[in-house]
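**Student:** Each chain, letter by letter, is given below.
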Amino acid sequence: MIVLAVLAILLPFAGAAAGLLGSRIPRRRTPVCTARRRAAWFAVLPVAISAVAAVWLAAWQAISGETGAAGTLADIETGSVPISVGLQVGELSALTGVLVTVVALAVQVYSVGYMRDEPRYPSYSSFISLFTSAMLLVVYAGDLIVLYVGWEIMGLCSYLLIGHWWEDRANSRAAVKAFLVTRLGDVGFLFGIFTLGLSAGSFRIDDVLAADLPKGTLVAATLLLLAGVAGKSAQVPLHTWLPDAMAGPTPISALIHAATMVAAGIFVVARLYPAFLAAQPTLDVLGVLAAVGMLGAALAALAQDDLKRVLAYSTISQLALMAAALAAGSEHAAIFHLVTHGAFKALLFLCAGVVIHHAGSNLMSHMGGLRTPLPVTFWAMTIGFAALAGLPPASGFFSKDAVIAAIERSHGPAQLFLYGCALVTVGVTGAYSARAWLRTFFGSRRVGAPSHAGDHGHGRPAVPRSMLWPVVLLAVPALLLGFAGVRELDWESAAISVVIALLGAGVVYALWRSSPEQDPARMLGPFRVPCERAFYLDAVYDRLVVRPVLRLARGVVRADDRVVDGAVRGSGRAAVGLSGLLRLAQNGNAQLYVTGLLAGVLLIAVGVVVLG
Amino acid sequence: MSWILIAMLAVPLLGAAALLLPRFAGRVPRGYGLAVSGATLALAVVAAVGFDYGHAARMQFETDVSWIPGLALRFHLGVDGISLPLVVLTAVLTFLCFVHLAGRPPSRPRALVFTLLVLETGMIGTFLALDLLLFFVFFEVVLVPMYFVIAIWGGPGRRAAAVKFILYTLLGSAVLLLGVLVVWSQAGTLDMVALARGSGIARSAQIVAFLAIGAGLAVKAPMWPLHTWLPDAHTEAPTVGSVLLAGVLLKMGTYGFARIAIPILPEGAAALAPWLGAFAVIGIIYGSLACLAQRDLKRMIAYSSVGHMGFVLLGFATLTPVGVNAALFGNVAHGLITGLLFFVAGAVKDRYGTADMARLGGGMLGRLPYIGSLLTFACVASLGLPGLAGFWGEMLALFGAFRPAAELSRPLFLTFMVVGGLGTVLTAAYFLRMLSRVTHGRPAASEGPPGGLGDVTAYELAAWVPLVVLTVLFGLWPKALLAITTPAVQAMLPGVGT
Chain A
1 MIVLAVLAIL LPFAGAAAGL LGSRIPRRRT PVCTARRRAA WFAVLPVAIS
51 AVAAVWLAAW QAISGETGAA GTLADIETGS VPISVGLQVG ELSALTGVLV
101 TVVALAVQVY SVGYMRDEPR YPSYSSFISL FTSAMLLVVY AGDLIVLYVG
151 WEIMGLCSYL LIGHWWEDRA NSRAAVKAFL VTRLGDVGFL FGIFTLGLSA
201 GSFRIDDVLA ADLPKGTLVA ATLLLLAGVA GKSAQVPLHT WLPDAMAGPT
251 PISALIHAAT MVAAGIFVVA RLYPAFLAAQ PTLDVLGVLA AVGMLGAALA
301 ALAQDDLKRV LAYSTISQLA LMAAALAAGS EHAAIFHLVT HGAFKALLFL
351 CAGVVIHHAG SNLMSHMGGL RTPLPVTFWA MTIGFAALAG LPPASGFFSK
401 DAVIAAIERS HGPAQLFLYG CALVTVGVTG AYSARAWLRT FFGSRRVGAP
451 SHAGDHGHGR PAVPRSMLWP VVLLAVPALL LGFAGVRELD WESAAISVVI
501 ALLGAGVVYA LWRSSPEQDP ARMLGPFRVP CERAFYLDAV YDRLVVRPVL
551 RLARGVVRAD DRVVDGAVRG SGRAAVGLSG LLRLAQNGNA QLYVTGLLAG
601 VLLIAVGVVV LG
Chain B
1 MSWILIAMLA VPLLGAAALL LPRFAGRVPR GYGLAVSGAT LALAVVAAVG
51 FDYGHAARMQ FETDVSWIPG LALRFHLGVD GISLPLVVLT AVLTFLCFVH
101 LAGRPPSRPR ALVFTLLVLE TGMIGTFLAL DLLLFFVFFE VVLVPMYFVI
151 AIWGGPGRRA AAVKFILYTL LGSAVLLLGV LVVWSQAGTL DMVALARGSG
201 IARSAQIVAF LAIGAGLAVK APMWPLHTWL PDAHTEAPTV GSVLLAGVLL
251 KMGTYGFARI AIPILPEGAA ALAPWLGAFA VIGIIYGSLA CLAQRDLKRM
301 IAYSSVGHMG FVLLGFATLT PVGVNAALFG NVAHGLITGL LFFVAGAVKD
351 RYGTADMARL GGGMLGRLPY IGSLLTFACV ASLGLPGLAG FWGEMLALFG
401 AFRPAAELSR PLFLTFMVVG GLGTVLTAAY FLRMLSRVTH GRPAASEGPP
451 GGLGDVTAYE LAAWVPLVVL TVLFGLWPKA LLAITTPAVQ AMLPGVGT
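Line by line, the protein sequences are chains A and B.
Per the working numbering: the first sequence = residues 1 to 612.
Per the working numbering: the second sequence = residues 1 to 498.
Calculated directly from the structure, the hints in this document are not laboratory data.
Treat the numbers as computed from the prediction; the structure is a model and nothing was measured.
Some residues of chain A that are not near chain B, with every Cβ distance over 10 Å (derived):
| hint | residue |
| --- | --- |
| 1 | I2 |
| 2 | A35 |
| 3 | E66 |
| 4 | P214 |
| 5 | P413 |
| 6 | G420 |
| 7 | L502 |
| 8 | C531 |
Which chain A residues face chain B? A few, computed with CB under 7 Å, are given here:
| hint | residue |
| --- | --- |
| 9 | L156 |
| 10 | L180 |
| 11 | L184 |
| 12 | R554 |
| 13 | D565 |
Covered stretches of chain B (in silico footprint by chain A; criterion: 3 or more residues with CB under 8 Å from a CB of chain A, positions within the stretch not fixed):
| hint | region |
| --- | --- |
| 14 | 281-290 |
| 15 | 313-324 |
| 16 | 378-389 |
| 17 | 396-406 |
| 18 | 415-422 |
| 19 | 425-433 |
| 20 | 483-491 |
Backbone N, C-alpha and C fix where the C-beta goes; we use that ideal spot for every residue, glycine too.
Go ahead and model the full structure; you've got the sequences and the hints to work with.
**Tutor:** Right under this line is the structure:
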C-alpha cells in the first residue's frame with residue numbers, strides 16, 4: 001500500500017519536471033498556446049491520479065482497520081545518526097493527504113482558466129505540482145530529515161509562486177520576505193530535529209516517539225520545533241509574511257493559505273503530538289501565542305480593505321485556533337478544524353479570485369452589489385463565510401465548536417486567557433465575515449474601480465467554466481464536511497459561540513444598514529489604523545532587525561577593505577618601504593661600500609678583542 | 001590498475017607538453033583541450049568505476065616507488081573514499097571549462113590550453129599524492145598557471161589581483177612547508193599513509209605542526225581573516241579561472257585538513273579545533289554580511305565562498321565522523337554549485353559587459369529567461385535548499401557541531417551551531433536579495449537587448465547542464481557520496497563512536 005503514497009508524491013514531482021522542461025520543446029518552434037495546453041495536462045493529470053491514490057490509501061486504512069503503511073527505501077549513513085529514507089502513512093497522514101491532493105487538484109483546474117492569458121503558465125503550474133509533491137512528502141514522511149526536505153522545498157515553491165509576477169518589485173519583496181521569515185523559523189526547527197534525533201538515536205518518527213526521552217530534552221526540542229511551526233503556519237511572532245504573500249496569484253493564496261504550507265505546521269505538531277504532550281511548558285507557550293495571534297489577526301482582518309488580506313488575516317486567526325486546540329490537548333479538534341478550514345478557506349480564496357477577476361480590483365471599496373452578476377460565486381462564498389464565522393450547518397460550525405469545547409475542558413495555566421480570547425475571536429470573526437460579505441455582494445456597485453489593479457484581473461464579465469467548477473466542487477465539503485463530527489457536538493458551548501458570532505455579525509449589519517456606503521470598520525474608532533497596519537509589527541521588525549543587519553553588512557564591507565585587507569596591503573607597503581631603506585645602502589657608490597666593509601672589519605676586530 | 005592514476009597525471013601533462021611542438025605555433029586545433037581533458041575525465045570515470053566501494057577506506061590503485069632516495073622521498077599515489085570524489089570533480093570541472101572555451105574562443109588559445117592542462121595536472125596530483133612533499137609540490141604547481149590565467153586573461157585590475165593571489169598563497173605555502181618539516185623532523189617519514197596510522201609525534205610538536213599546516217591550508221581554503229586575496233582574484237579572473245579557483249583550488253586547502261592535518265596530528269587538531277571552529281563561524285557570518293552589501297555579482301559569489309568554506313571548516317573542527325563527512329560533502333557540493341554560479345555570472349558579464357548589480361538593472365528573467373532561471377537555480381542550490389547538493393554539507397556540519405568529539409567543549413560548539421544556523425538565514429537573504437535586484441523587476445526600457453547577444457548558447461548549456469544534473473542528483477540521493485566517504489572517515493577517526 002505504501003506504493004500508493006510513493007506514487008502520490010512522485011507523480012506531481014514528475015509532472016513538475018515535465019512541465020518545466022517539456023512544455024516548450026522544441027524551444028523555438030512551440031507556439032505559446034501549445035506549450036500552455038501541454039503544461040495544463042502535465043499539471044492536472046498527475047495530481048488527479050495522486051488524489052485518487054491518496055483517497056484510496058485513506059479508504060483502505062479506514063476499511064481494513066490497518067494502523068498504517070510504512071516502507072523504507074534506504075538508510076543513509078552519515079557517520080552519526082543515520083537518515084532512513086522512508087514513508088509512513090498513519091490515519092492522520094492519510095486524511096491530510098486527501099485534503100492536500102483534493103485542494104491541489106481544484107487549484108490546478110481553476111488555474112487553467114484563471115491564468116489563461118498568462119505566458120508563464122508552464123512554470124507556474126509546474127511550481128504548484130512541485131509544491132504539492134513537497135507537501136505530500138511532509139505528510140507521508142517517516143523520517144524527520146525527509147520531512148524537513150519537503151518542508152523546505154515548500155518554502156522555495158512559495159517563494160517562486162508569490163513572486164510569480166516578478167515584474168512588480170512589491171511581489172518580489174513579498175516573496176523574499178516569505179522565504180526569509182519562514183527560514184528563520186526553520187533553523188529552530190532543524191535544531192529541534194537534531195535534539196530529538198540525537199537523543200533518540202534515530203530520525204525515524206516512530207523511534208523518536210517511542211523513545212523514552214528526559215523531559216528537559218523534550219521541552220527544548222519541542223520549543224525549537226515550535227519556531228518552525230510558527231514560521232510555516234504563520235503564528236505570532238513569525239506571521240508577518242502571510243498578508244504580504246497575497247501578492248501572488250489568487251489560486252496560490254488558496255493553495256498556500258488553505259491546504260498546504262500553513263497547514264504543515266499544525267500537521268507536524270499533531271504528527272509529533274506525543275512528544276508535545278509530554279512537554280507541557282511548550283504547550284503553554286503555544287497556547288499564549290495562539291491566544292494573542294487569533295485575536296490580533298481577527299482585529300486586523302476587521303480593518304482591512306483588501307479582500308485577500310481579510311482572508312489572509314482570517315487564516316492566521318483560524319490557524320491560531322487550531323494551535324489553541326493543540327495547546328488544549330485535543331489534536332483531534334485541531335485536525336478536524338484543519339480539514340474543514342482547508343476546504344472552506346480554499347473555497348473562499350477561489351471565490352475571491354472570481355470576484356477580483358470580475359471587479360478588476362482587490363479592494364472592497366471598489367466592489368459591492370456583485371450578487372447579481374455572480375450568483376454562483378455569491379452562494380459559494382456565502383457558504384464559505386458561514387463556515388468561517390462558525391454558523392450552522394456549515395462545516396466550520398462543527399469544527400470550531402470542537403476547538404472551543406476542547407479549550408473549555410483543558411487545564412493549563414493559560415486556560416482562562418485562552419478561552420476568553422477564543423470567545424472574543426469568535427465574535428470578531430463573525431463581524432469581519434459579515435463585513436466582507438456585505439461589502440462585496442450587497443449595496444450598489446461602487447464607482448471608481450480601476451480597470452487593472454493589484455491582482456491580475458482584467459474586468460472581464462465572463463467567468464471561465466474551469467474556474468466555476470472547482471468552486472462548486474469545494475462548496476460541497478465546505479458545507480457538509482462538518483457532519484462528520486456531529487456526534488461529538490457539545491450543544492452548550494456550540495450555542496454560546498453561535499450567539500457570540502451572530503452578535504458580532506449583527507453589530508456589523510446594524511452599522512452597515514444605517515449607511516451602506518460607509519465601511520462598518522469605522523466602529524473600531526481610533527483603533528482602526530493600528531488594526532489596519534497589524535499593530536505596526538512590520539515597522540518594528542524593520543527597525544529592529546532588517547536595518548541593523550544591513551548597517552552591519554555595510555560596516556563589514558568597510559572593515560574588510562580597511563582593516564582585514566588593509567593589514568594585508570599594509571604589510572605589502574611595509575615590505576616595499578623596508579626594502580627602500582635597504583636600497584639606500586645599494587646606491588652604487590664604491591666608496592660607501594669600502595667604508596662599510598672597513599667599519600665591519602673594525603667592529604669584528606673590536607668584538608674579538610673585547611669578548612675574547 | 002595502478003597505471004590509471006599515473007595516466008591521469010600524464011595525459012594532461014603530455015597534452016600540455018605537446019603544445020610546445022612548433023607545429024602548434026599560432027594555431028591550436030579547436031577541440032584539442034577538449035580531447036585531452038576529455039581523456040582525463042574518461043580515466044577518472046574508469047577509476048571511479050573500478051574503485052572497490054566495499055573497501056572505500058583503503059588506498060587503491062597505489063603506486064609507490066622511490067623518488068629521491070637521499071631525502072627518503074617517494075612517488076606515492078593512491079585514492080580512497082576521501083580523495084576519489086575530488087579527483088572526479090576536478091576532471092569534470094576542467095572538462096566543462098574546455099567545453100565553455102570551445103563556445104567562446106579566448107585570445108591566445110594555445111597559451112590558455114597549455115596553462116589549464118598544467119593546472120589540471122597539479123590539481124589532480126594534489127588529490128592523489130600520498131607523500132607529504134609530493135603533495136606540497138603539486139600544491140605549488142597549481143599556483144603558477146593560475147597566476148597566469150588571472151594575469152593574462154583577467155579583467156582590468158588583473159595584475160594587482162594576480163600578484164596579490166600569488167604572494168598571499170605563496171606565503172601560506174611557506175608556512176605549510178614549515179609545518180611539513182616539523183612533521184618530518186619529528187616522525188622521520190613523509191608517507192601520509194604511514195603517518196596516519198600513528199605518527200608518534202609529541203603533543204607540543206603536534207600543536208606547532210598543526211598551527212603551521214593549518215594556517216597554510218587556511219589561506220587556501222580560505223578561512224577568515226586570511227581570505228582577502230579571494231574576492232580580488234575572483235573578480236578579475238576570467239570565467240574558467242573563477243570556476244577552477246572556486247571549484248577546485250579552494251578544495252585543496254580543505255582536503256589538506258582531511259588528509260594531513262587531522263589524521264596525522266590528532267592531538268594538535270584536538271587542541272586547536274575550537275579556534276578553527278570559531279574562525280569558521282566568524283567566516284560564515286562575516287562572509288554572508290559582506291555579500292549582503294556587495295555590488296558586484298562576481299565579488300558577491302566570491303564572498304559567498306568564504307561563508308560556505310566556513311561550514312566546511314566547521315565540519316572539520318567538530319572532529320566527528322559526521323562533521324568530516326559534512327566537510328567532504330560540502331566540498332564537492334560547493335565545487336559543483338559555485339562552479340555553476342561562476343559560469344552563469346561569467347555569461348551575464350559577457351552579455352551586459354559588467355557584473356555590477358546596479359548597472360545590470362533588473363528583469364533578467366524577462367530579457368534572458370534561461371540564464372535568469374539558471375542563475376536562480378544556482379543561487380537556490382547555493383543557499384542550501386534541501387533536495388539540492390548544498391544542503392547536506394551544511395546540515396551535517398551543524399549536526400556535527402551539535403555534538404562534537406568528546407574532547408571538545410560542547411557548549412562552545414552549540415554556540416557555533418546556533419551562529420552557523422543564523423548564517424544560513426543570512427545566506428538565503430543575500431542570494432534572494434541579489435536575485436530580486438537582478439532577475440526580478442522590469443528591465444530598463446532604454447537599454448534594449450543587452451550586448452546584442454541572445455540567451456544561453458548550446459556550448460554554455462553543455463557546460464552547465466552536467467553541473468545542474470549532479471547538483472540535483474547529490475541533493476536527492478546524498479547516499480551516492482556519503483557511502484563513499486563514510487568508511488574512509490570512520491577509519492580516519494577510529495576513537496570516535498557514533
